[in-house]
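Protein chains: 2
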Amino acid sequence: MALIVQKYGGSSVKDPAHIKNVARRIVRTKRKKNKVVVVVSALGDTTDILLDLAEQITHDPSNREMDMLLSTGEQVSVSLLTMAIHELGERAVSFTGYQVGIVTDTSHTNARIVDVNTKKLSNALKKNSIVIVAGFQGKTIDEEITTLGRGGSDLTAVALAAALKAKRCEIYTDVDGVFTTDPRIEKQAQKIDTLSYEEMLELASLGAQIMQSRSIEVADKYNVPIYVCNSKNEKPGTLITREVKKMEKVLVRGIALNRNEAKITVFGVPDRPGIAATIFKILAERNINVDMIIQNKTVSNRTDISFTIMKSELRKALPIVKKAAHKVKAKNILIDENIAKLSVVGIGMRSHTGVAFKLFSALAEKKINIDMISTSEIKISCIIASKKARQAVQAIHKKFNLNKKNKD
Amino acid sequence: MALIVQKYGGSSVKDPAHIKNVARRIVRTKRKKNKVVVVVSALGDTTDILLDLAEQITHDPSNREMDMLLSTGEQVSVSLLTMAIHELGERAVSFTGYQVGIVTDTSHTNARIVDVNTKKLSNALKKNSIVIVAGFQGKTIDEEITTLGRGGSDLTAVALAAALKAKRCEIYTDVDGVFTTDPRIEKQAQKIDTLSYEEMLELASLGAQIMQSRSIEVADKYNVPIYVCNSKNEKPGTLITREVKKMEKVLVRGIALNRNEAKITVFGVPDRPGIAATIFKILAERNINVDMIIQNKTVSNRTDISFTIMKSELRKALPIVKKAAHKVKAKNILIDENIAKLSVVGIGMRSHTGVAFKLFSALAEKKINIDMISTSEIKISCIIASKKARQAVQAIHKKFNLNKKNKD
Numbered sequence: 001m002a003l004i005v006q007k008y009g010g011s012s013v014k015d016p017a018h019i020k021n022v023a024r025r026i027v028r029t030k031r032k033k034n035k036v037v038v039v040v041s042a043l044g045d046t047t048d049i050l051l052d053l054a055e056q057i058t059h060d061p062s063n064r065e066m067d068m069l070l071s072t073g074e075q076v077s078v079s080l081l082t083m084a085i086h087e088l089g090e091r092a093v094s095f096t097g098y099q100v101g102i103v104t105d106t107s108h109t110n111a112r113i114v115d116v117n118t119k120k121l122s123n124a125l126k127k128n129s130i131v132i133v134a135g136f137q138g139k140t141i142d143e144e145i146t147t148l149g150r151g152g153s154d155l156t157a158v159a160l161a162a163a164l165k166a167k168r169c170e171i172y173t174d175v176d177g178v179f180t181t182d183p184r185i186e187k188q189a190q191k192i193d194t195l196s197y198e199e200m201l202e203l204a205s206l207g208a209q210i211m212q213s214r215s216i217e218v219a220d221k222y223n224v225p226i227y228v229c230n231s232k233n234e235k236p237g238t239l240i241t242r243e244v245k246k247m248e249k250v251l252v253r254g255i256a257l258n259r260n261e262a263k264i265t266v267f268g269v270p271d272r273p274g275i276a277a278t279i280f281k282i283l284a285e286r287n288i289n290v291d292m293i294i295q296n297k298t299v300s301n302r303t304d305i306s307f308t309i310m311k312s313e314l315r316k317a318l319p320i321v322k323k324a325a326h327k328v329k330a331k332n333i334l335i336d337e338n339i340a341k342l343s344v345v346g347i348g349m350r351s352h353t354g355v356a357f358k359l360f361s362a363l364a365e366k367k368i369n370i371d372m373i374s375t376s377e378i379k380i381s382c383i384i385a386s387k388k389a390r391q392a393v394q395a396i397h398k399k400f401n402l403n404k405k406n407k408d
Numbered sequence: 001m002a003l004i005v006q007k008y009g010g011s012s013v014k015d016p017a018h019i020k021n022v023a024r025r026i027v028r029t030k031r032k033k034n035k036v037v038v039v040v041s042a043l044g045d046t047t048d049i050l051l052d053l054a055e056q057i058t059h060d061p062s063n064r065e066m067d068m069l070l071s072t073g074e075q076v077s078v079s080l081l082t083m084a085i086h087e088l089g090e091r092a093v094s095f096t097g098y099q100v101g102i103v104t105d106t107s108h109t110n111a112r113i114v115d116v117n118t119k120k121l122s123n124a125l126k127k128n129s130i131v132i133v134a135g136f137q138g139k140t141i142d143e144e145i146t147t148l149g150r151g152g153s154d155l156t157a158v159a160l161a162a163a164l165k166a167k168r169c170e171i172y173t174d175v176d177g178v179f180t181t182d183p184r185i186e187k188q189a190q191k192i193d194t195l196s197y198e199e200m201l202e203l204a205s206l207g208a209q210i211m212q213s214r215s216i217e218v219a220d221k222y223n224v225p226i227y228v229c230n231s232k233n234e235k236p237g238t239l240i241t242r243e244v245k246k247m248e249k250v251l252v253r254g255i256a257l258n259r260n261e262a263k264i265t266v267f268g269v270p271d272r273p274g275i276a277a278t279i280f281k282i283l284a285e286r287n288i289n290v291d292m293i294i295q296n297k298t299v300s301n302r303t304d305i306s307f308t309i310m311k312s313e314l315r316k317a318l319p320i321v322k323k324a325a326h327k328v329k330a331k332n333i334l335i336d337e338n339i340a341k342l343s344v345v346g347i348g349m350r351s352h353t354g355v356a357f358k359l360f361s362a363l364a365e366k367k368i369n370i371d372m373i374s375t376s377e378i379k380i381s382c383i384i385a386s387k388k389a390r391q392a393v394q395a396i397h398k399k400f401n402l403n404k405k406n407k408d
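Chains A and B are the protein sequences, given in the same order. Our numbering puts the first sequence at residues 1 to 408. Our numbering puts the second sequence at residues 1 to 408.
One chain only, chain A, in its complex shape:
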């Protein structure tokens, strides 16, 4: 008898009809002789409704009270889903994160799980019950209600799967799995059958947006296989697992595109040691995440520094960068919001050469200029003009033979 953890997002339980559909899936899994633990998010737009109520009261809510407020969303889902399972004649019991023993630190609205006490859960499973757990939430050792921040329900699911040594953690969402690239950009994008945690991390953080990095990191750490699939159909999804030898045969697993970054260039910085440190230290102190950084010596004793940050942080970052630029006696600052970051990812790169060459050729053939390049062991990222992004993705997708079904 295998133990399976399933997680259903808000769009999968947005109303009673959807909840009943999810209940049928769960019961089907149970009747295949599995023990089943289910993690659920808040119904559809519940969180937005609650946020709107809070906004009408205060523009600066206490994080503790926000957690108190928002954690009700998942509590509604778990009770309704449990009722729907009862209606199908199976045993089921719901728990809040508070009840089920998900212990977190005290960082309200963005807490980290520090412990998972599975006693209550195991007891319920022993009674042959399906267990429905509220995602996204936990409690501190002082019995304060906390929430886990963005992607928190995935994290709950992966953490429970790890603690219970589940066979698999199934993430139900509204897409069929992880694709070689965004199907809205390239119609020939193919669903990927299997990929490694590392590849998923690169694809997720680069904008695939199916799962948050935190959850994948935890899955990697505890070796929890993750299966991403669509709650609304029966198509096979994507298995994310530990790297296996045959994965390396594929050079490039997927192409991610991120249009949420902006590029800042600081021109004519005196070329002395410690100058870059000065600028990035100030940004770090203000919690502004810098992604790519390029330094390029132009004339004799001057250099240009370019870096990218999230567009959403631009307004906050700009005065800080200006101040820093002034401090290091830079000549000028340039902002470019019309950029896109395109990344090719694949663990095959480790053992194969020529990926960069192939990538640059594909772009050159389409006369697409590369603005910045950064590389890691399993990925190459380029910053290009935003308006060329779609064409670039299509060209690269074709170049790496991703248009044909990619058999792992």
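Some hints here could point you the wrong way.
[Stated by the list, open to error] Subject to a maximum C-alpha distance of 27 Å in a straight line, what follows is the list of computed DSS-like cross-link-like pairs (lysine-lysine):
(1) K366/A to K187/A
(2) K119/B to K120/A
(3) K245/A to K221/A
(4) K14/A to K14/B
(5) K120/B to K119/A
(6) K120/A to K120/B
Treat the hints as calculated values from the structure; they're not laboratory data.
Got chain A sorted already, so can you dock chain B onto it with the hints?
Just chain B, lined up with the frame of chain A:
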């Protein structure tokens, strides 16, 4: 420094504007050098929305899951109200019934409080914080979420006031207090300044519907003064407290009218010992509450038995009564739904005579027939025709001089 417990019902916190209004009241009480504990119900129609969601899933929900579902309503209120108080610059902290130590038995949806652990509450009060507690809910010793049934938030407030030895428990509602009778029936109805727990119990159970009997019984048991007033104005309300000598000066405190009962008469029952017991035993076994009972011998060896039950239980009761009537060889059954129960209440009756005479005279003067009569130490109830009820209340209200402001 006095400790005051306040309770605000759902209509007082139905939207952000109302919540802000309540926050201002609370802060005002706090700034008069009081410690303040506040109990809140769910926002306006939240409970109905949740019940409707559940109804779309199942017609037979598990009580445990209903408690899980419904308890979210108050959790939303407490967090929003706490934010509103922060916005006014005062310290405040919210707790669920689960967190605050309201321990109940395991009767989901209608649990009884068995213990109140005030440690968390006292700690927060010591830090000079206003404490906002979710009404209507608690937890079992096994950490299951329970709710307290109808009027549960009042019960939470009274129980906390008792456990904390509060100076007063203030119940904020949408009426100005307890009236000598329903102002919709008698325009001259007067607000009562002070009444005893016992009188309130009779008035509440007879239809005044401001507070549930359970809460008043607990207040009586622990001698918690209750102050009922309107959350939307500043008018003085009604103080419900232990009987004091001067209360006895007033003969009749108020007149309650209840149109929710129906009368069943079983005709021609053999006049033998144990016959009434047979009928009422069967009703009790099926959990049908019988209110008034009258037995009247008509012809030699036969008798008629009349009794009243809630109209809402009529459909359930009827086949049972028919069966019982058949069993005791009764001749016939008659149902009358067009009745009203009118009660005059006052602890003054204990030491004064002539109340019954005055009451019957008032009705006789208006040619209103009395169908059944029952009396207790501090009340007299009559069943009359429903269509005469309004006229009867007005006549009695005048007869007992309640039209003039009743000075206690």
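Numbered hints the structure breaks, given as an ascending list: Nothing - there is no hint that the structure violates, so all of them hold.
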